[in-house]
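Protein sequences, first through last, are from chains A and B. Numbered per the numbering used here, the first sequence spans residues 425 to 1054. Numbered per the numbering used here, the second sequence spans residues 190 to 974.
No lab work stands behind these hints, which were simulated from the structure alone. Each hint should be verified, as a subset may be incorrect.
Pulled from the structure, derived: some chain A residues nowhere near chain B, Cβ distances all over 12 Å [said to hold, decoys possible]: (1) W639; (2) E894; (3) P908; (4) I994.
Below, a sample of chain A positions facing chain B; criterion: calculated Cβ distance under 7 Å [stated by the list, open to error]: (5) V690; (6) T786; (7) Q791; (8) A866; (9) A945; (10) G946; (11) A949; (12) A973.
Covered, in the sense of this in silico footprint (three residues per stretch, anywhere, with C-beta under 8 Å from a C-beta of chain A), are these stretches of chain B [as the list claims (entries may be wrong)]: (13) 315-322; (14) 517-525; (15) 799-813.
The C-beta atom is built at its ideal place from N, Cα and C for all residues, glycine as well.
Listed below, chain by chain, are the residues.
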Amino acid sequence: MRSPSYAVLPARGLRAAVVLALTAGLATAIPAAHADPAIATTATTDTADATGTAGTGQAAPAAPTTPAAPALAAKPYMGWSSWSMQSSKYPGLNPDGDFSYLTEANVLKQTDALAAKLKDFGYEYVNIDSGWWRDRAWKPEFDAYGRQQADPVRFPSGMKAVADHIHAKGLKAGIYLPAGLEKEAYGDGKTPVWNADGCTTADIVYSDLRTTNGWDSAYKLDFAKPCTQKYIDSQAQLTAGWGYDFLKLDGVGPGSSKSGDNYDNVADVAAWQQAIAATGRPLHLELSWSLDIGHAGDWKKYSNGWRVDTDVECYCNTLVSWENSVDDRFDDTPGWTRHAGPGGWNDLDSLDVGNGAMDGLTKAERQTYATLWAIAKSPLYTGDDLTRLDDYGLALLTNREVIAVNQGDTPPARPVTPSDPQQVWAAKNPDGTYTVALFNLADAPAAVTADWSALGFTGKAAVRDLWNHENLGTRRGGITEALPAHGSRLFTVTPHGSTLTSTAYEAESTANTLGGNASVAGCSACSGEKKVGNLYLGGTLRINDVVVAKAGTYLVQVAYVSGDARSADISANSGGAVRHTFPSTGDWGTVERVSVPVTLRAGTNSITFDSSGPGYAPDIDRISVPTSPR
Amino acid sequence: MDIHPSRRGFLTLAAATGALAGLPAFTASAAPQRPADAPAATTDPRHLLWWQAPADDHSMIEQGLPVGNGRLGALASNDPGRELLLVTDATMWTGGLNDTLDADGQFPYGREDFGSLTLLARLTVDLPDHDLSAVTGYRRTLDLAQGVVTTSYVRSGVTYRRELFASRPDDVLVLHLTQNGGGRYTGTVTLDGTHGETPSGAESFAGALPGGLRYGAAITAYGSGGSVRVDGTRITFTGCKDLTVVLSGGTNYAPDAATHYRDPSLDPEALARTKVRAAARNSADTLLRTHVADHRALYDAFDISLGTSTAQQRALDTWERLRARARDGVPDPELEAAYLQFSRYLMISGSRGSLPMGLQGLWLDGNDPDWMGDYHTDINIQMNYWMADRAGLSSCFDALTDYCVAQLPSWTDVTRRLFNDSRNRYRNSSGKNAGWTVAISTNPHGGGGWWWHPAGNAWLCNTLFEHYEFTRSRGHLERIYPLLKGACEFWEARLLTTTLPGTSREVLIADSDWSPEQGPLDAKGITYAQELVRALFGNYATAAAELGRDRGYADTVAGLRDRLYLPVVSPTTGWLEEWMSPDNLGETTHRHLSPLVGLFPGDRIRPDGSTPADIVAGAAALLTARGMESFGWANAWRSLCWARLKNPDKAYQLVVNNLRPSSGGSNGTAPNLFDIYQVERGRGIFQIDANFGTPAAMVEMLVYSRPGHVELLPALPDAWSAAGALTGAPVRGGFVLDLAWRDGRPTEARLRSVGGRTTEVAYGSRSRTVTLKPGESVTLKDLAR
């Protein structure tokens, strides 16, 4: 069943196969007394031997007769991760040196707290992060086959016992490995590879011992050599045999602050997927960190999630801080938005909002943090000390309406306004409602407005405040709220109005005026298959003959292409320009849209995009001007 | 005349001025007059500013809304969940006399020696269930006409509303919280000092600053429908339908050099408690009514209309409106008029019955305001008071007069003892010493800070004298006469005789000095000093004549005046010279316009043919070179000068420049309309002078006056030309003007005498002479024909 071609099965087939595997895994994980009889009778129970090596992966032969268990990462996963507390200098967390928080006792304590406080809300993964195979001096330990093995001081009962405890609580267990062959595992190249006759570590790396991963802590694996997959297989078998349900593979490139051939770990990730499949155990594969968006297709193909950014932790006296680096996510996420979906999600990293003092954030910042993670459909795993959640933190983590936004069958939100200090993100839901988030990223309170016309409709809409569990009534045209510094609001908006009508003006129209370097270029994704680009060093696009009947402020929708976040100065007629930052569209072949308020007079107007700011402006596809002002 | 007053003479002077200055700043209030009528529920939207977001602890200077009763002030956050009031008293100054000079003969300038304005208290009202992230429909307004800040929002279907005002009659701050819809208030009220005081319980505290000033503050809270009780160091309230919090506080500052500016018998904490208890015997509505009547008595004396704004402009909140004004480049006449009215609100709130306003007025966000929040005598304090008379708030000017009068004995003493210190580079090379002068910075303890500022005395005097020109108040003239005379005596001792190169003409020039705040430190005959002293001498002559005093000395001063050197135009730069040198010895675009002090606020340089054309051209050339982009107060001064030169486009553009929304600390206007001064990139601070200087320029564009001459619409910009009106605008010479215009021309001008007799009223090339008795008025309708 698990043929080498498995990895290249079409997605639909892949998902079906994973369902089967998951079914089998559940049967392993759930104690007999609590196991669902339907599953227990339709799955073959694998056995794990005492050394932690998995069974040889006999297939689960029978299709389930009960509704299929959810596919891996059908929804963003929810849970807890150890790294935030490990990485913090918060008093008392790491008494035995850096990262010393990670111990069996602490993991079990957090497991129990998760089960007691958060499990009912969907949190299920308990993820052990880096260091479980390292002693307090951070020296790694390996078994006879060059595989990471538990540090006996941190995990005296071994990794399987921890997973068993987690499973006994009805939760899932996660573990962590770095990409590549860790240097200390190399052992002069003579270390044998488990279950691979004649293969040693010298047979799996490049002869020049080139290094890889985000820390250069490992030798790069050479997958042209037949032994190499066996090494990954051996790691996967060990992991699955211990009963883990989740693996974070860290330091993966391109990404993890690295680029270039030595740091291209796509083959590693593919090998991992193959190895996991071979174990017969469903194992969620999450990749870290700052994965290269240019390889989004690879990450989607081989994994269930990918960290889009650097660590959220501040490595300071708290777990995180706003500036380092919760706030970065607002700029770094939009390019990834369209890559998220069932099977693989954009991972914004830990959600540390459970204890204000320990998190190092204001209440407003914590709500904003949770709002972005929820609407971006990031996995929701907290790094907080679950035994010390404060009331507000518990309320944030257990708000069922907000969790439903994250876990429901709704698409991830992305900005519908430029990435200005006050910004609005939204998603149109399958039921016709909109998820709308208001953000004030400024350091002072500010009013933030969501205009219905930026969502594509006009007139009235009912507004539900998700954080506060209140209906705010019907609002015409939009909603304005006062937000604290770094604050947010999260609404479900139900339109009762009509579809927005607007007039489109193509950027490439010959009626427009190009200045400086600006030029028309082909663009297959663009309307008219053309756009205006090369807007830099003061290059301008002036869209002429924009006609409106009535003077006022119009929410002009700008369709644009911008592989990275770029700014443009936008003005109407002879008025002053306002600089707006356009969120990344992720690549140079994708068109996205944001709406910008522009004040127009009755009659004919011009709207100018000026690249006088630093760097390039985005390429402009077209603008759409609503029939009526704000 | 003895120009070296004896110690006895000094004490006599001190006693006299102390008596004139009146009672201590924080003192028992007279029984308030309680008006029978309720205040008008709403006012014209022209007098309303509004916002859709509050301030927080970190944005108080840009977003906090100011209130004040002329002495006791606060910046308020208006955050639903946490109302924070940063409370100030105008006299809450650290420091002291500061009369030990540094090694360079100049004054120390630190927060301990010279001193700084600091906060009196912090008042916090926490409402845990009203977190900003949990309320909807937030809005706050500043009703300029009533002097009330109102905050409203909805929480779980209940509309909550709070009013904040600073009452002068009751001498308290009042915060009144109400609701509509069955809501309840539960939370805490906390009064904290900011200088490490030990609280005397939840309801008051007392302290003393190192400089010896004692201070204290007190609160009380009362409500209905729930419980209000003292709980350790705070007041808790539970389930209240409404709540009123009353705060008072002050210091034992006394404007009397003879008692070293202290009233040792005053217990500020006890007095604050007394005031709070007295006020709390009244309902919040009664307190509000009393306050509004008092506020309106000043506010309503003047009005301005600069035209009509569009419905689209009116729909925007104040901050969005400022942003739209800058973005769209479209005039917003009602916003511009409201900006002026806001300055009047600040003046009423910040300058009554206590010390005058320094660099930040009454409003601080901490105890380390830049430049100590002090009195800068080389432009800033003067600018603070340019609009008071022009915008119908002559009584608010008195705080400046009271201050100068009360400081004079100490200024005189310090000058006599220290000015001719051999280390002081600005000392009189004549060896003579008389009268008084000041440092660039002054404090309220009789002391100076930073460097000596010889011409500062003249500028203060000229500012005080201008108030006389507006009001024709003989009482005021009598009070300031000793200041003018002492300043003349100082200059009589200081002026040097020199022969102009290449001529035999002997002139008097100022001794070594620094043209503020640039160029050589030891320049003789700087234009700044020559112009200010010339005006001082002229004003003194007028004062002596009006009061019938010191005829002989007045003749002496007149003789000196005639011999004063006056600046020429540099053949090199074409500019009016700043340093008695053809060379540009400073920064071309320097913020100060010191060499143009004869153009504004002085009247020596006039574009009406009475001043040599080359001088006017040289002044205009210098002004042009200084540019259009500077700090707020510098733009305001430029605007005033361009108004004097009858250039409406530039005068208006500088106003517009100051109205630009400040972003990231950039020069411009903050959301709360405070002017922001960019100290360095990314760091802006509040400087109130532009908030007064810019409106002064706006008025100066509509009417120019000097005794005997009133000129209508001298620099009316296109933006305001369609139609407008000015009501209750005092003009120099002792009149009050009502003016209406349409299509750029005056349609009606009404002049009422408040002491003036005869004046010319001009528009363009036409003029009319008007003669009135005090109280009489005349209406002119055909000036433009």
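Here's how the hints hold up against the structure:
Residue placement check: W639 of chain A keeps its beta carbon more than 12 Å from all beta carbons of chain B (closest about 35 Å). Non-interface status of E894 of chain A relative to chain B is broken: a Cβ of that chain comes within 12 Å, the nearest being about 6 Å off. At roughly 5 Å from the closest C-beta of chain B, the C-beta of P908 of chain A falls inside 12 Å, breaking its exclusion from the interface. A beta-carbon of chain B is positioned within 12 Å of the beta-carbon of I994 of chain A; the least distance is around 10 Å.
Interface hint at V690 of chain A: violated, since its Cβ lies 42 Å from the closest Cβ of chain B, which is beyond the 7 Å cut-off. Hint status for T786 of chain A relative to chain B: violated, with the closest Cβ pair at about 9 Å, above 7 Å. Hint on Q791 of chain A holds. Least Cβ distance to chain B is approximately 6 Å, under the 7 Å limit. Among the interface hints, the one on A866 of chain A is violated; its C-beta lies about 9 Å from the nearest C-beta in chain B, farther than the 7 Å criterion.
Checking A945 of chain A against chain B: minimum C-beta separation of about 30 Å lies over 7 Å; hint violated. A hinted interface residue such as G946 of chain A counts as satisfied when its beta carbon comes closer than 7 Å to some beta carbon of chain B; here the least separation is about 34 Å, so the hint is violated. At its closest, the beta carbon of A949 of chain A sits 31 Å from a beta carbon of chain B; the interface hint therefore is violated under the 7 Å criterion. Violation of the interface hint for A973 of chain A is found here, the shortest Cβ-Cβ separation to chain B being roughly 14 Å, above the 7 Å cut-off.
Counting residues of the region 315-322 of chain B whose beta carbon lies closer than 8 Å to any beta carbon of chain A gives 3, which meets the minimum of three for the stated coverage. Beta-carbon proximity to chain A at under 8 Å applies to 3 residues in the region 517-525 of chain B; the threshold of 3 is reached and the given coverage holds. A count of 0 residues in the region 799-813 of chain B with a Cβ less than 8 Å from any Cβ of chain A is obtained; the coverage claim is therefore unmet, three being the minimum.
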